[in-house]
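Chemist: Chain by chain, the residues run as shown.
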Amino acid sequence: MFEELLEDIAQKNGLREVNTYLKITAGFGSIFLCLLSSSFIPPLIIAITLSGAILFLARVDAKTYAELFIVPIWFAVMSVAGIILISGGPDIFWKWNILPQISLSVTRQSLNQGIFVFCRVIGGMSALCFIALTTPMTDIFIVFRKCRVPEIVIDLMMIIYRTIFILMDQVVQIYHAQVMRLGYSTVKESIHSCASLCGAAFIASWNAGEDLIMAMDARCYSGKFALLGENHPVEPKPLIALAVFLSFVTAIVILSENSTII
Amino acid sequence: MHIMEGFLPWQWCLVWWIIALPCLLLGIYRLKKVLGVDREALPLLGVTGGFIFILSSLKLPSVTGSCSHPTGTGLSTISFGPWITAVVCAIVLLFQSLFLAHGGLSVLGANIVSMGIVGPLVGYGVYRLLRDTSLNMYMTVFLVTALADMFTYVTTSLELALAYPAETGGFVSSFILFMGIFAITQVPLAIVEGIVLALVFKYIVALKPDILIRLGIFSEEKIKDARSEI
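Protein chains in written order, with this note's numbering: chain A, 1 to 262; chain B, 1 to 230.
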């Protein structure tokens, strides 16, 4: 029910010591190039390279990494199937007119479009996972503060971040207790158990909030959290690797313009 | 389920960001105003965010057996109003993409519009409409949550249909198709989420009604009536 939070993995990954800006540039740069590309090739190259970096450099467990893709791929397959059926094109392989206004067809162009979107999702997801698995949230807060995100939003973020871990522990305990008492054996039981779990979580989070106010008052909270944290210096090796990777993919984006698979 | 990374073309990512940003700025402005009056609201808002995150990582029993989850925005929108909910939602969506690989960064704007703006706005409208009527409190919570959830997915379908219109029938037929795909899982899910949150409300009324009175969600008499029924 509760998959290991990516944050836990990020705190102890192999690339933890690399400069945060380099990692974020790699992630965002890849997402950007994926979106700019008009062919399925650059997203695939991004997916392969970043997955390699996640598995071998950051040393993330391959099974955990693969499991992250199950839900997005399920969603992607459904939606891409929709896109293939509706987008149409001149080279028709199959066509079905359900209603005068609505017809479904599979064409060369729609298949290409579908494959392209699917590859872009895979590329984008691996770039997202790269940031999520290598950069802990605490490092990202520091970047936010440097980027002048309003104080109030950063404070709110840090409180939400803290609360998630407090609540997660309680919810997991209650959930296991419910499962042991066959709380999820039938649909009706599940709805009741789920509701009492959520209710308990809400009351617990409220209490945690009240405790937090008291604790912060006791420590003279003045409306701004102190945020400590050092950024690791930029080292030449990762910098060169990043520059080579991004310029290589940019070149592929330009060269492979509009190329299709069929 | 949110739109995931890489699914929308960059033009549409940009459009949804442009729509989401003014709403977020309004939310931040409201947030500052609320905190100016009542400083204690910040930790409470924080825990609400934590609560939304936890709710959306729970998997609800869904009729089709898919792994759908509640959006959890219903409770926040009736407690703090839609604009502040938009800011909290934006943060929760960012955490979801970075903690659970759920959603994405370039499509964050689109997800904020569907889950953080349209859903809560509809929910809040329903709540304001029904708050002072004689309708049962739990029924109100059920309708707010179910409709907020439903409209979140209608907006998601709209976003997908605008980005990928059909060749024949254009935007409209593609909208119908995406709605059809979502309806299979989301209509039962919205109903289940409505029931669950109405029950959550019942627990809160039974165990800690002072929360509801302090936030001014329902009048004291209404809560007293509800307590006497239990």
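Check the hints yourself; a few may be wrong.
For the chain B half of the interface with chain A, some residues (derived, Cβ under 8 angstroms), not all of them [to be verified]:
hint: 1; residue: L26
hint: 2; residue: I28
hint: 3; residue: P43
hint: 4; residue: M179
hint: 5; residue: I181
hint: 6; residue: I191
hint: 7; residue: V192
hint: 8; residue: Y203
hint: 9; residue: L207
hint: 10; residue: I223
Calculated cross-link-like contacts (lysine-lysine; reagent style DSBU-like; alpha-carbon spacing at most 30 angstroms) [to be verified]:
hint: 11; chain 1: B; residue 1: K224; chain 2: B; residue 2: K202
hint: 12; chain 1: B; residue 1: K33; chain 2: A; residue 2: K188
hint: 13; chain 1: A; residue 1: K146; chain 2: B; residue 2: K222
hint: 14; chain 1: A; residue 1: K188; chain 2: B; residue 2: K32
hint: 15; chain 1: B; residue 1: K33; chain 2: B; residue 2: K208
hint: 16; chain 1: A; residue 1: K188; chain 2: B; residue 2: K222
hint: 17; chain 1: A; residue 1: K12; chain 2: A; residue 2: K63
hint: 18; chain 1: A; residue 1: K63; chain 2: A; residue 2: K188
hint: 19; chain 1: B; residue 1: K32; chain 2: B; residue 2: K208
hint: 20; chain 1: B; residue 1: K224; chain 2: A; residue 2: K146
hint: 21; chain 1: B; residue 1: K222; chain 2: B; residue 2: K208
hint: 22; chain 1: B; residue 1: K222; chain 2: B; residue 2: K33
hint: 23; chain 1: A; residue 1: K237; chain 2: A; residue 2: K12
hint: 24; chain 1: A; residue 1: K146; chain 2: A; residue 2: K63
hint: 25; chain 1: B; residue 1: K202; chain 2: B; residue 2: K222
hint: 26; chain 1: A; residue 1: K146; chain 2: A; residue 2: K12
hint: 27; chain 1: A; residue 1: K188; chain 2: B; residue 2: K208
hint: 28; chain 1: B; residue 1: K224; chain 2: B; residue 2: K208
Hints listed in this document are in silico derivations from the structure and should not be mistaken for laboratory results.
All C-beta atoms, glycine included, are put in the ideal place defined by N, C-alpha and C.
Chemist: Taking the hints in turn, state whether each one holds.
Modeler: Structure-based check of each hint:
no.: 1; hint: L26; verdict: violated, 13 angstroms
no.: 2; hint: I28; verdict: holds, 6 angstroms
no.: 3; hint: P43; verdict: holds, 4 angstroms
no.: 4; hint: M179; verdict: violated, 11 angstroms
no.: 5; hint: I181; verdict: holds, 6 angstroms
no.: 6; hint: I191; verdict: violated, 10 angstroms
no.: 7; hint: V192; verdict: holds, 7 angstroms
no.: 8; hint: Y203; verdict: holds, 3 angstroms
no.: 9; hint: L207; verdict: holds, 6 angstroms
no.: 10; hint: I223; verdict: violated, 15 angstroms
no.: 11; hint: K224/B with K202/B; verdict: holds, 12 angstroms
no.: 12; hint: K33/B with K188/A; verdict: violated, 43 angstroms
no.: 13; hint: K146/A with K222/B; verdict: violated, 48 angstroms
no.: 14; hint: K188/A with K32/B; verdict: violated, 43 angstroms
no.: 15; hint: K33/B with K208/B; verdict: holds, 27 angstroms
no.: 16; hint: K188/A with K222/B; verdict: holds, 28 angstroms
no.: 17; hint: K12/A with K63/A; verdict: holds, 17 angstroms
no.: 18; hint: K63/A with K188/A; verdict: violated, 34 angstroms
no.: 19; hint: K32/B with K208/B; verdict: holds, 28 angstroms
no.: 20; hint: K224/B with K146/A; verdict: violated, 49 angstroms
no.: 21; hint: K222/B with K208/B; verdict: holds, 15 angstroms
no.: 22; hint: K222/B with K33/B; verdict: holds, 29 angstroms
no.: 23; hint: K237/A with K12/A; verdict: holds, 21 angstroms
no.: 24; hint: K146/A with K63/A; verdict: violated, 35 angstroms
no.: 25; hint: K202/B with K222/B; verdict: holds, 13 angstroms
no.: 26; hint: K146/A with K12/A; verdict: holds, 24 angstroms
no.: 27; hint: K188/A with K208/B; verdict: holds, 25 angstroms
no.: 28; hint: K224/B with K208/B; verdict: holds, 12 angstroms
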